[in-house]
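*Asks:* If you're matching them up, the sequences are chains A and B in order. Take 1 as the starting number for the first sequence in the numbering used here and just add one per residue. Take 505 as the starting number for the second sequence in the numbering used here and just add one per residue.
Source of the hints: derived by calculation from the structure; they are not laboratory data. Idealized CB from N, CA, C, for every residue including glycine. Please note: incorrect hints may appear among the correct ones.
Pair ranges (Cβ atoms, derived) [unchecked claim]:
no. : chain 1 : residue 1 : chain 2 : residue 2 : range
1   : B       : 515       : A       : 384       : 50 to 56 Å
2   : B       : 629       : A       : 196       : 33 to 39 Å
3   : A       : 128       : B       : 598       : 53 to 59 Å
4   : A       : 288       : B       : 550       : 41 to 47 Å
5   : A       : 414       : B       : 550       : 34 to 40 Å
6   : A       : 467       : B       : 652       : 31 to 37 Å
7   : A       : 294       : B       : 644       : 50 to 56 Å
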Amino acid sequence: MNEGIMIGIETAFSGYNIFLVMLGCFAGTIIGMLPGLGPMSAIALMIPITYGFNPASAMILMAGVYYGAIFGGSTSSILINAPGVAGTVSSSFDGYPMAKNGQAGKALAIAAYSSFAGGTIAAIFLLIAAPQLAKVSLSFQSADYFALMCVGLLSIAAFASKGQFLKAMIMTALGLALSTVGQDSLSDITRFAFGNINLMDGISFVLLVMATFAMSEAFMIIFKKSDINFKASDASKNKLGSIKLTKDEVKEMAPTIGRTSILGFLVGVLPGAGATIASFLAWGFERGIASAKDKLKFGKGSIKGLAAPETANNAACTGSFVPLLTLGIPGSGTTAVMLGALLSFGVQPGPRLYIEQPELFWAVIVSMYIGNVVLLVLNLPLIPYIARILAIPKNILVPLVLFFSVTGVYLISFNAFDIYFMAIVALISLVLRILNFPMPPLILGFILGGMLEKNLRRALLINDGSYSFIWDRPISLALFVIMIMIVSLQIYQGVKKRKLSPNI
Amino acid sequence: MNFNYTRVSALIFLLLFMMYSYFAGEIQVFSFDENADFNARTFPKLISYLGIAVSFLALVLSGNEKEEFGHYEWLKVFILFALVFSYGMFIKSIGFFISTNLFLLVSYYYLGVRNYKVLLFSSIPVVAALQFMLHGLLDVYIRDPFLQLLGVIS
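With the rest of the complex left out, here is chain A (with noise of 0.2 Å):
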């Protein structure tokens, strides 16, 4: 371990991938900060720069592209009170009421002080779990990824799709069917391209991205009646104020940033949890053991209520990275996007990878630290100039991302119909966007859709066909009752929603 560590800060520390974490932050921090343009999106555009990278540097500046995004999320809640990702929905809570109180600077601070506090005590904890989780997984067989990946697909659908769990679980079943286009793995045999040549080799995941992410949000934009000409400039002129934090706000933000960094790591693990719930289940918690004066505080500009959330959505952040290292299973939309350009690299993340790749494996830990640091001393000082990207007026942002999200799927290709099919589904997109059909599940199903069928299809081979394979083995039982326990909660919340709502 102690040498993968070190091939890992090797890795890490050469001048190249240092620089690529830098650009990988400010890159982030600039897309995530604008509104509607989340971590996803951001790293969606960044596939097509890495396409000559090797697979470690890659990871570090997607890496990179990650955590920037979380923290210009922060920067455009706290600022104008519009999130750029829903991960930052509740640092606005407290950090948008202390920048109408004249203190901007010292909330985008707190935010960074924070969001480098969680990321950087989860990214310990990661360097511990990882690898003791990828050793555990080592015995694992098909059946139970099988088993596992079908509870990440349930979980997500049900923890990622806020209410709408039958919808979420259309969106599944289609980005499945998806992956099934193309050329079967084993027999070669061609399924749904119906004799067209551009579908013979299946769909491109970075299309698909690129589409229901990059490009049907630019549609968004225009889509919803708003002021195409709105800028957020006044937002990004207005005086910052000081960004220095007096020794009594460092140690009433203090405790709060120790247990949220806890709880955030441990959202951040579970599959389909990840920023979002756990920057609300912070600033929940710590309102809820605040004291009676300081609960009248949250909402009204606390200082625990803003380092709450910053500090669990980075530390969840670096949580879902467990799952994705240790078992090949993304435990959030973005690291399923992140799954996705791995195996684009040839590389098969999972327990092996700690063993046959470890300059990656570790690296990618390493460079964590690298991008916490980086967050901090790059970004916190450039604040009031990153902040001026707010005034970019959207008739201008939105032909710019299109231009990147089609730039980027013809590079892959240099063929012009992956442009006509990307429009095509961005537009579908958008309207299931509307209908509050969510994206992510369709994403994962359609990335975790071919190793499914694989482990699928070993299981059963081993098995002589038998589906036994479910109930034989512990650990495929065990996924199998979290999967009935997830599918029961979700039919007890959809009951309990009917005997509240009898009109629905």
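Got chain A sorted already, so can you dock chain B onto it with the hints?
*Replies:* Same frame as chain A, now just chain B:
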């Protein structure tokens, strides 16, 4: 039954998964694989059962969510969609540089940008920088007849 957009979409998905199920059954497999425990049809069939089940449940159990489609900018989105399509049509024939600049300029103008300095500075330098990064730094070759004619790229 009270129909709304959610139910209509669930019905469309139900029909879609039924069609998917039909086509899954039509997948040609090798004769020796026809009765195998797992062949190229098995997984799509399972997905279609899942899809049919969840879309049927959504059709029956969905609440009366009201979604107004009228207050959105449909026309603007369709025009942008058409622009993206045209961009795809011209990118090979007239090259990356000109087609991308045209796409950006027309899109900005359509969305209300009238200042010619903003129009030019938000398109030409951005495209040139990206093309330089891809072509010059990352060694990604993009065919461009216009730049070849000018002798900028070989």
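*Asks:* Can you tell me whether the CB distance of residue 515 of chain B to residue 384 of chain A sits inside 50 to 56 Å?
*Replies:* For residue 515 of chain B and residue 384 of chain A the Cβ distance comes to about 53 Å; the hint holds.
*Asks:* Range hint 34 to 40 Å: satisfied by the CB atoms of residue 414 of chain A and residue 550 of chain B?
*Replies:* 35 Å, holds
*Asks:* Quick one: are residue 467 of chain A and residue 652 of chain B within 31 to 37 Å, going by C-beta?
*Replies:* 59 Å, violated
*Asks:* At the C-beta level, are residue 294 of chain A and residue 644 of chain B separated by a distance inside 50 to 56 Å?
*Replies:* 55 Å, holds
*Asks:* For the pair residue 288 of chain A and residue 550 of chain B, does the Cβ-Cβ distance stay inside 41 to 47 Å?
*Replies:* 43 Å, holds
*Asks:* Between the beta carbons of residue 629 of chain B and residue 196 of chain A, is the distance compatible with 33 to 39 Å?
*Replies:* 38 Å, holds
*Asks:* Hint says 53 to 59 Å; check whether the CB-CB distance for residue 128 of chain A and residue 598 of chain B agrees.
*Replies:* For residue 128 of chain A and residue 598 of chain B the Cβ distance comes to about 56 Å; the hint holds.
In the structure shown, a violation is registered for the earlier hint numbered 6 alone.
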